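Could you put the whole structure together from the sequences, leaning on the hints where they help?
For the protein sequence lines, the chains are A and B, in the order given.
Take 1 as the starting number for the first sequence in our numbering and just add one per residue.
Take 1 as the starting number for the second sequence in our numbering and just add one per residue.
Quick caveat, the hints were computed from the structure, so don't treat them as lab data.
One or more of the hints may lead you astray.
What the hints assert, rightly or not - With a Cα cut of at most 20 Å, we get these calculated PhoX-like pairs of lysine-lysine:
#, chain 1, residue 1, chain 2, residue 2
1, B, Lys108, B, Lys49
2, A, Lys42, B, Lys69
3, A, Lys42, B, Lys22
4, B, Lys49, B, Lys69
Here the structure is a predicted model, which is why all the values come from computation and not from measurement.
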Amino acid sequence: EPEVTQTPSHQVTQMGQEVILRCVPISNHLYFYWYRQILGQKVEFLVSFYNNEISEKSEIFDDQFSVERPDGSNFTLKIRSTKLEDSAMYFCASTAGTTYYEQYFGPGTRLTVT
Amino acid sequence: AQSVAQPEDQVNVAEGNPLTVKCTYSVSGNPYLFWYVQYPNRGLQFLLKYITGDNLVKGSYGFEAEFNKSQTSFHLKKPSALVSDSALYFCAVRDRAGGGADGLTFGKGTHLIIQP
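Here it is in structure tokens:
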């Protein structure tokens with residue numbers, strides 16, 4: 001069964017550094033998403049991406065964040081200057097279509113900012 | 001703005017007994033509703049969804065959920081719990097009136113513990 005994959009599984013970085021989290025969505029899917037889950041809190045939507053551009057973004061997704069689909073298979077989330085409060089589990093998801101299609105999630109990348 | 005409430009942080013059930021994990025939602029229009037399960041150190045796995053039609057939907061691993069529009073609820077149920085059902089369960093909603101790429105809004109999750 002096709003799966004969403006994410007690398008790395010755990011990333012430790014120092015405050016102020018840039019990090020790139022990588023995802024490979026399911027191959028025939030069209031919409032891609034990033035979510036985050038701060039420890040002990042709910043899963044929060046960050047951004048959705050379709051047709052090589054951002055479709056929707058939450059208020060969390062400020063100028064320090066960016067997304068890219070560099071090569072037709074990978075989907076990346078870049079955090080330019082990490083802050084302590086960016087420490088969280090980041091999940092990538094993809095879906096075949098809109099609205100009522102279920103999203104399939106990757107295993108997540110745990111980001112620790114020190 | 002849409003929201004999801006899961007009123008119980010933890011639900012404890014004896015193996016073989018029926019289980020219910022509660023979820024209520026709030027959207028401006030009509031909802032699409034989803035349940036996901038998260039096992040330790042794993043991503044979220046899709047269990048089931050309500051789109052339209054029959055209010056009782058069946059999903060993976062013997063789980064089902066009942067959509068109740070008047071009570072704005074979408075409780076997850078299973079007739080006979082297994083120890084392997086122990087995990088973190090998330091209810092999620094998106095508004096049908098929203099754009100096609102809207103993200104899901106999740107509840108805070110409910111830990112389900114099945115005791116042997």
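Against the structure, the hints:
1. Between Lys108/B and Lys49/B the CA atoms are separated by roughly 18 Å; this keeps the pair inside 20 Å, and the hint holds.
2. Between Lys42/A and Lys69/B the alpha-carbon distance is near 24 Å, which puts this suggested pair outside the 20 Å criterion.
3. Restraint check for Lys42/A and Lys22/B: satisfied, since their Cα atoms lie roughly 16 Å apart, inside the 20 Å limit.
4. Straight-line distance between C-alpha atoms of Lys49/B and Lys69/B comes to about 15 Å, which keeps the hinted pair within the 20 Å bound.
Checked against the numbered hints above, the structure breaks only hint 2 and satisfies the rest.
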